[in-house]
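Trainee: The listed protein sequences correspond, in order, to chains A and B.
The first sequence runs 1 to 390 under my numbering.
The second sequence runs 1001 to 1391 under my numbering.
What the hints contain is simulated information worked out from the structure, not anything from laboratory work.
Source: prediction; values computed, not measured.
Keep in mind that the hints are not guaranteed to be accurate.
Unchecked claim - Pair by pair, the computed Cβ-Cβ distance ranges are: (1) N1113(B) with E351(A): 54 to 64 Å; (2) E351(A) with G1347(B): 42 to 52 Å; (3) S390(A) with N1269(B): 49 to 59 Å; (4) Y166(A) with A1042(B): 50 to 60 Å.
We put the CB at the ideal spot given by N, CA and C, even for glycine.
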Amino acid sequence: MMRKVILIRFGEIFLKGKNRGFFEKTLINNIEENLSKFNLQVEKIPGRYIVQNYDESDEYEIAEKLKKIPGIFSFSIAYAIPTNLEEIESMSVQVMQDLKGSFKVVTNRADKHTLSLNSMEISAKVGGEILKNCKNLVVDVKNPQYTLNIDIRENKETYIYQSLIYGVGGMPVGTSGSGLLLLSGGIDSPVAGFMMAKRGVKVSAVHFHSFPYTSNFAREKVEKLAKIISDYTGNLTIYMISVAKLQEQIHAHCNDSYMITLLRRAMFTIAEKLCKKYGKKMIITGESLGQVASQTIESMSVVSDVVKSTVILRPLIAFDKCETIDIAKKIGTFETSIEPFEDCCTVFLPENPIVRPELEKVLKEESKIDFNELIKESLESIEIVEIKHS
Amino acid sequence: MLHNVSMKNLYYLDNAATTKVFDEVFDILKESNTNGYYNPSASYKQAIQVKEVLNNSRETISKHLGGSGGKLYFTSSATESNNTVFSGVHLRAGQTVLISAGEHPSVYESANNLTKKGIVIKQIPLTSFGDIDEDSLLKLLEENNVALVSIIHVSNETGRINDIKKLCKLVKSVNPKIILHSDGVQAFGKIKVNLNELGVDLYTISAHKIYALRGIGALWIKNGVVVDPLLLGGGQENGFRSSTENVLGAISFAYSASRVCENIENNYNIVKSYKNEFVEKLKNSKIGSLVEINSLNDNSPYIVSLSFDNIKGEVLMNFLESDGILISTGSACSSKKAGNRILTAMGLSLTKVIGSVRISFSPYLDYDFDYIVSCFEKNVLHLYENVKVKK
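Go ahead and model the full structure; you've got the sequences and the hints to work with.
Mentor: As structure tokens, this is what we get:
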């Protein structure tokens, strides 16, 4: 009987020298966790992982999941056989026998001892065998329709496969610490969350809402976005924080043009407090330089000023909107992000938001409200929502 | 997970959206499902009995509609019934279809879809009360080659009752061949309906607005009027609507229709007193001078449209939800296409359209109007103090 496995290659882990063990262990845990609803085994072999003993009817769904796990560079659906030439030849013929057109054979040997032939010789020998047995195939090494890959590993097993499916790459979630994503309902922040998860960050999120000024739909939308990115980030916690009172007070007492600046200062203050409380090492935002009034360098400086000892990472800082949209479409958040429900910023949206705020003036406006007390009240409104990946 | 609403004081004032199914319906359905779950199209005795039950349900509803001059066909919803009208009535390119400016989206959208086939769609304007502007209607009828007219019986936004009988006469006086359809979703079971008397050719009704199950509606077709089916297949409903019949839905529809129609006056009086008490208390409250009632005294009391100038109806709705008061907005201000087609057609200013909310009562629910009005007062004042919609 043919033994079918999924052969997984990881990317940047090789760069990590002494930490390699930790990275590899984290990745296998993530894979196992992500595939926990299936009946299967994940095994580490030198230089690869293999997923085996799965039900073939689950294969498509498993592959879809593997495509979304950071740290996986690529994978292939392969046939596993013991490393000996007869087996390799016979399996190769079996795999290729129904095909019509041109082909080539590529051999990769991690194990250079078991077989006496080198890679080129193995390819040539297996290619000859295929030609002999498969009447509808011809060799074309430059531009073949089909490539048969023979991956000879150090565990005395050989894996034979045709195609290679790319994953998201990057590093396993959990290998770069944990961060708090400012998740609105827009296009950018889910992409920022995905990007940092791809760099190995364990992402949690804070969502600022203004219910009852904003609707239940706005909140539902954020949960939906979190659910989509949880395919990449793994299970994800959202801290829901109300800033309705803050917005009311700013609206009532401060110069309207400073609404967004003051509100964002409050949000970042709250975010840092949450980081401290829940042990997050960074604040992640979807800001892009100059995209809107609150994302000019002046606005960002004045807002970052409240964050004292937590690093703020802005993975989209130099992206054009269309670049972000491309990623949003790729990861599947775009359609949800453009649903027209207000997030907390738009209800009190000033007609002329200040584009280049000066800290001194901002502090003066801020002093007109009891900033610290309002922050405290907002923090008390916290609701914690756990989003489980599907 | 959504924001918690305290269940202690829950007042459901969105009965025009849907209603709570009568508890008794489930007892009847359980019995039907035990003894009569067969496919009514089958030929064994048990199935024939089910077919009888289905047809009895049809007869019952038809009787309450005063519809002996036509036949009632079950559909999946009022939306399907309305779509069937615009796809099934025989129309030719170049002919005109008139719809009122106060139609539900299922009429508005499916009528406008006909423009693809070269059919001209024109809207009959509303007066500031929400009535059909009869002069304009007459003019439209005289100046166009009109084949089909659709006028809602009771407005789902304001409760305005159109005088269908009079409008029907007017339409037929210009050309008796014109087909007249009326969407009676907010009328049937709430005000007296007699289709033979109204003179309409086609009439749409829905079950879930009158305490029956969702997933079933009906289209009444006057004898002699030809409407092609929307769904083709096994030829159920005399070939008018293929699809295995929703017998349980039909049973629930007939039960609830009977119950509301047999109590129609009593229910009407209860709801009328609700509306009066609510409007009166609102007018005598601290926000009495801020509120505008878009529904007149002689509208259907089941629906009341209100406007507050310069606040957002949707925000008010959310605030009231926190107090356990569930209403709806006339206008979805969160979407980019802010506004409400029908209130706008009545000539309301944009700020009043944005500031509109819809209250709809049920005679089967109790309301504490002191509490409800006090919540309106509290929240409206809060919003006036804190955030006015910017002009």
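Trainee: Determine for every hint whether it applies to the structure shown.
Mentor: Hints, one by one, checked against the model:
1. The beta-carbon spacing between N1113(B) and E351(A), approximately 39 Å, falls outside the hinted interval of 54 to 64 Å.
2. For the hinted restraint 42 to 52 Å between E351(A) and G1347(B), the CB-CB distance of approximately 27 Å leaves it violated.
3. Evaluation of the 49 to 59 Å hint for S390(A) and N1269(B) yields a pass: the beta carbon distance comes to about 52 Å.
4. Look at Y166(A) against A1042(B): about 54 Å separates their beta carbons, and that is inside 50 to 60 Å.
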